[in-house]
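**Q** Here is how the chains run, residue by residue.
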Amino acid sequence: MNTNSNAYTVIYTTLVVVVVAAVLAFTAMKLKPSQSANAKAETLRQMMSAAGIKTTDELYATKNADVLQLYAENIEQAYTIGLDGKENGTLSTDLKNIELVDNLKPQNKAIKDSAEVTLPVYIFKSGVAVMPIYGAGLWGPIWGYIAFQPDCRTIAGAYFDHESETPGLGAKIKDEAWFREKFIGKTVEWGDAPAFLLAKNAEATGAENAVDAISGATMTSKGLNEALNVWFKAYENHFGIGALLSALSEGETDTTDLNEEEE
Amino acid sequence: MDKKLKETILNPILKGNPITVLILGICSSLAVTVQLKGALVMALSVIAVTGLSSLVCSLLRNSIPNRVRIIVQLVVVAMMVILVDQILKAGEGTYAIDKQLSVYIGLIITNCIVMGRIEAFALGNKPIPSLLDGLANGVGYGLILVIVAFFRELLGSGTLFGLQVLPAGYVPNNLVILPPFALILLGCIIWAHRAWDKDLQEK
Numbered sequence: 052m053n054t055n056s057n058a059y060t061v062i063y064t065t066l067v068v069v070v071v072a073a074v075l076a077f078t079a080m081k082l083k084p085s086q087s088a089n090a091k092a093e094t095l096r097q098m099m100s101a102a103g104i105k106t107t108d109e110l111y112a113t114k115n116a117d118v119l120q121l122y123a124e125n126i127e128q129a130y131t132i133g134l135d136g137k138e139n140g141t142l143s144t145d146l147k148n149i150e151l152v153d154n155l156k157p158q159n160k161a162i163k164d165s166a167e168v169t170l171p172v173y174i175f176k177s178g179v180a181v182m183p184i185y186g187a188g189l190w191g192p193i194w195g196y197i198a199f200q201p202d203c204r205t206i207a208g209a210y211f212d213h214e215s216e217t218p219g220l221g222a223k224i225k226d227e228a229w230f231r232e233k234f235i236g237k238t239v240e241w242g243d244a245p246a247f248l249l250a251k252n253a254e255a256t257g258a259e260n261a262v263d264a265i266s267g268a269t270m271t272s273k274g275l276n277e278a279l280n281v282w283f284k285a286y287e288n289h290f291g292i293g294a295l296l297s298a299l300s301e302g303e304t305d306t307t308d309l310n311e312e313e314e
Numbered sequence: 055m056d057k058k059l060k061e062t063i064l065n066p067i068l069k070g071n072p073i074t075v076l077i078l079g080i081c082s083s084l085a086v087t088v089q090l091k092g093a094l095v096m097a098l099s100v101i102a103v104t105g106l107s108s109l110v111c112s113l114l115r116n117s118i119p120n121r122v123r124i125i126v127q128l129v130v131v132a133m134m135v136i137l138v139d140q141i142l143k144a145g146e147g148t149y150a151i152d153k154q155l156s157v158y159i160g161l162i163i164t165n166c167i168v169m170g171r172i173e174a175f176a177l178g179n180k181p182i183p184s185l186l187d188g189l190a191n192g193v194g195y196g197l198i199l200v201i202v203a204f205f206r207e208l209l210g211s212g213t214l215f216g217l218q219v220l221p222a223g224y225v226p227n228n229l230v231i232l233p234p235f236a237l238i239l240l241g242c243i244i245w246a247h248r249a250w251d252k253d254l255q256e257k
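Chains as they are written, first to last, in the numbering used here: chain A, 52 to 314; chain B, 55 to 257.
Careful: at least some of the hints might be erroneous.
Cut-off 30 Å, straight-line C-alpha distance, at most; resulting in silico cross-link-like pairs (DSS-like, lysine-lysine) [to be verified]:
#	chain 1	residue 1	chain 2	residue 2
1	A	Lys105	B	Lys180
2	A	Lys83	A	Lys156
3	B	Lys257	A	Lys91
4	A	Lys91	A	Lys81
5	A	Lys91	B	Lys91
6	B	Lys153	A	Lys233
7	A	Lys81	B	Lys91
8	A	Lys83	B	Lys91
9	A	Lys114	B	Lys91
10	A	Lys225	B	Lys91
11	A	Lys156	A	Lys81
12	A	Lys105	B	Lys143
Derived contacts from chain A toward chain B, CB cut-off under 8 Å, selection only [claimed, not checked]:
#	residue
13	Thr60
14	Thr64
15	Val68
16	Val71
17	Leu75
18	Phe77
19	Met80
20	Ser85
21	Asn89
22	Glu214
23	Ser215
24	Gly219
25	Ala228
26	Asp243
Ranges between beta-carbon positions, derived for each pair [what the hints assert, rightly or not]:
#	chain 1	residue 1	chain 2	residue 2	range
27	B	Val200	A	Glu214	20 to 30 Å
28	A	Lys81	B	Leu217	33 to 43 Å
29	A	Ser143	B	Cys242	50 to 60 Å
30	A	Ala228	B	Val200	26 to 36 Å
31	A	Thr169	B	Leu217	39 to 49 Å
32	B	Pro226	A	Ala187	19 to 29 Å
33	A	Ala187	B	Cys81	38 to 48 Å
34	A	Ala123	B	Leu217	25 to 35 Å
Please keep in mind that the hints were generated in silico from the structure rather than gathered at the bench. Don't be surprised by glycine CBs; every beta carbon is placed ideally from N, CA and C.
Produce the complete structure using the sequences and hints provided.
**A** Have a look at this one:
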């Protein structure tokens with residue numbers, strides 16, 4: 052058989068491509084469920100690390116199934132909001148059907164275009180509320196989760212991850228526990244610009260809503276600062292009002308105290 | 055025949071090592087050697103890809119039209135790489151490592167060792183020797199990867215496989231974590247290899 056004829060070449064290459072495509076399609080289909088399960092467990096680990104359910108190391112040593120269990124046990128409710136801060140959907144927290152908004156890239160684009168968004172809010176039984184952030188680092192996307200105390204202002208914890216930041220420099224946002232611990236106890240100034248500041252010597256000003264950037268990782272720090280502020284802005288109508296209400300209710304208790312004293 | 059087979063297996067690991075002698079696959083050996091775990095998974099992935107691609111191409115060697123043989127090889131290699139990547143993503147224990155290796159698993163396609171061995175060996179040899187040749191070249195590559203990663207993780211993070219080895223007071227050397235140090239280390243390994251095996255020294 053002449054293996055160099057045109058007809059043979061065309062038929063041969065077509066056959067090879069069809070066979071390869073079939074093999075790949077079949078494996079992709081077969082492996083899809085376990086891949087999504089891994090991705091979901093990963094998101095839950097990062098969220099629960101921010102919410103302080105367990106430490107990051109403990110969560111990464113926990114099996115996928117136990118991570119789901121842990122989430123189902125600790126979550127109070129999960130829902131999505133629009134840019135107006137109003138609830139526009141609920142996310143199931145049932146162990147058998149945990150729903151998450153873990154594809155943040157399209158949401159990030161929608162925020163910037165002021166388009167329709169479904170931004171997730173996860174409220175844990177401890178009262179902590181978790182929101183995601185997403186943005187661009189130096190080499191690729193960076194994202195993370197910020198947990199708020201019930202007052203909707205004070206940061207209870209944070210977790211950051213990245214696709215391909217420089218090891219030893221930008222990768223510190225994920226690798227170094229001290230970096231995310233710096234966020235704990237800081238407050239977000241809803242309605243202010245910037246709502247939060249991550250910059251050189253930012254802590255020196257004594258501001259409550261500032262954290263020092265990582266030296267040697269200027270672009271990653273800038274990217275994280277941008278991601279934080281873009282997403283805080285998007286959640287402003289939700290948490291900002293929450294913070295106001297919680298401040299008001301504190302005020303109310305104060306006045307009742309006063310009334311009692313007067314009586 | 056037996057001697058030839060032994061040669062097929064041992065040559066790529068020592069005298070014809072893809073990295074230190076043929077200077078192939080340098081790019082990925084600089085990128086994925088920050089941690090031993092990642093380097094080991096990368097090494098195993100490359101071993102699987104080189105072995106299986108060589109096997110498949112050797113099985114097809116008499117039927118491949120000569121004019122499009124590189125394209126057919128590329129399709130086979132790309133398939134193997136995607137399979138490895140998908141399997142790593144699906145495994146519960148390997149998911150995090152796959153994420154850490156990010157694009158470098160996909161970039162095995164461009165690793166010259168894979169295509170080089172298919173062109174140089176698999177197209178002219180029977181399937182079993184081709185499989186062994188592919189596997190052995192992967193091992194030769196992986197061996198250097200693991201050696202480089204051993205030093206980089208030890209000196210750059212003070213750990214091995216993520217476990218603290220050096221005393222807690224050790225200040226990690228940031229240079230070691232950056233790719234240039236891998237190149238320096240690689241140079242030292244090539245130097246040591248040539249000093250040990252006099253046949254490799256150019257006259």
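**Q** Please go over all the hints and tell whether each is borne out by the structure.
**A** Verification of the supplied hints:
Proposed proximity of A/Lys105 and B/Lys180 is contradicted: the alpha carbons are some 55 Å apart, above 30 Å. With a CA separation close to 20 Å, the supplied pair A/Lys83 and A/Lys156 stays within the 30 Å bound. Taking the CA atoms of B/Lys257 and A/Lys91, the gap is about 59 Å. The hint is violated against a cut of 30 Å. Among the hinted pairs, A/Lys91 with A/Lys81 is consistent with the structure: their alpha-carbon atoms are about 17 Å apart, no more than 30 Å.
Of the pairs offered as hints, the one joining A/Lys91 and B/Lys91 holds, with about 23 Å between alpha carbons and a cut-off of 30 Å not exceeded. Between B/Lys153 and A/Lys233 the CA atoms are separated by roughly 26 Å; this keeps the pair inside 30 Å, and the hint holds. A hinted pair counts as satisfied when its Cα atoms are at most 30 Å apart, and A/Lys81 with B/Lys91 qualifies at roughly 26 Å. The suggested pairing of A/Lys83 with B/Lys91 holds, with an alpha-carbon distance near 25 Å, which does not exceed 30 Å.
Taking the CA atoms of A/Lys114 and B/Lys91, the gap is near 19 Å; set against the 30 Å cutoff, the hint holds. Distance restraint check for A/Lys225 and B/Lys91: the Cα-Cα separation of roughly 18 Å lies within the 30 Å cut-off, and the hinted pair is therefore satisfied. Restraint check for A/Lys156 and A/Lys81: the C-alpha separation of about 26 Å stays at or below 30 Å, so the hint holds. Annotation: proposed proximity of A/Lys105 to B/Lys143 holds, straight-line Cα distance about 25 Å (limit 30 Å).
This hint holds: A/Thr60 has a C-beta 4 Å from the nearest C-beta of chain B, less than the 8 Å allowed. Taking 8 Å as the C-beta contact cut-off toward chain B, the hint placing A/Thr64 at the interface holds, the least distance being around 6 Å. With 8 Å as the threshold, the beta carbon of A/Val68 comes within range of chain B, its nearest partner Cβ sitting at about 6 Å, so the hint holds. Checking A/Val71 against chain B by beta carbon gives a least distance of about 5 Å; that is within 8 Å, so the hint holds.
With 8 Å as the threshold, the beta carbon of A/Leu75 comes within range of chain B, its nearest partner Cβ sitting at about 6 Å, so the hint holds. Among the interface hints, the one on A/Phe77 is violated; its C-beta lies about 10 Å from the nearest C-beta in chain B, farther than the 8 Å criterion. Hint on A/Met80 is violated. Least Cβ distance to chain B is approximately 10 Å, over the 8 Å limit. At about 4 Å, the closest approach between the beta carbon of A/Ser85 and any beta carbon in chain B falls short of 8 Å, and the interface hint on this residue holds.
A hinted interface residue such as A/Asn89 counts as satisfied when its beta carbon comes closer than 8 Å to some beta carbon of chain B; here the least separation is about 4 Å, so the hint holds. Residue-level restraint check for A/Glu214 holds (minimum Cβ-Cβ distance to chain B is 6 Å; threshold 8 Å). The beta carbon of A/Ser215 is positioned within 8 Å of a beta carbon in chain B (closest approach about 5 Å), and the interface hint is therefore held. A least Cβ separation of about 4 Å between A/Gly219 and chain B falls short of the 8 Å threshold, and the interface hint therefore holds.
Against a cut-off of 8 Å between C-beta atoms, the interface hint on A/Ala228 is violated, since the closest Cβ of chain B lies about 14 Å away. Because the closest C-beta pair between A/Asp243 and chain B is about 35 Å apart, greater than 8 Å, the hint is violated. Between B/Val200 and A/Glu214 the CB atoms are about 25 Å apart, so this pair conforms to the stated range of 20 to 30 Å. The supplied range of 33 to 43 Å is met by A/Lys81 and B/Leu217, whose beta-carbon atoms lie about 34 Å from each other.
Between A/Ser143 and B/Cys242 the CB atoms are about 56 Å apart, so this pair conforms to the stated range of 50 to 60 Å. Under the hint 26 to 36 Å, the C-beta atoms of A/Ala228 and B/Val200, about 28 Å apart, fit the expected range. The hinted window of 39 to 49 Å between A/Thr169 and B/Leu217 holds, with their beta carbons roughly 42 Å apart. One distance hint, 19 to 29 Å for the beta-carbon pair B/Pro226 and A/Ala187, holds here, with the actual separation near 27 Å.
A hinted range of 38 to 48 Å for the beta carbons of A/Ala187 and B/Cys81 is inconsistent with their spacing of about 24 Å. Checked against the hint of 25 to 35 Å, the pair A/Ala123 and B/Leu217 passes, with Cβ atoms roughly 32 Å apart.
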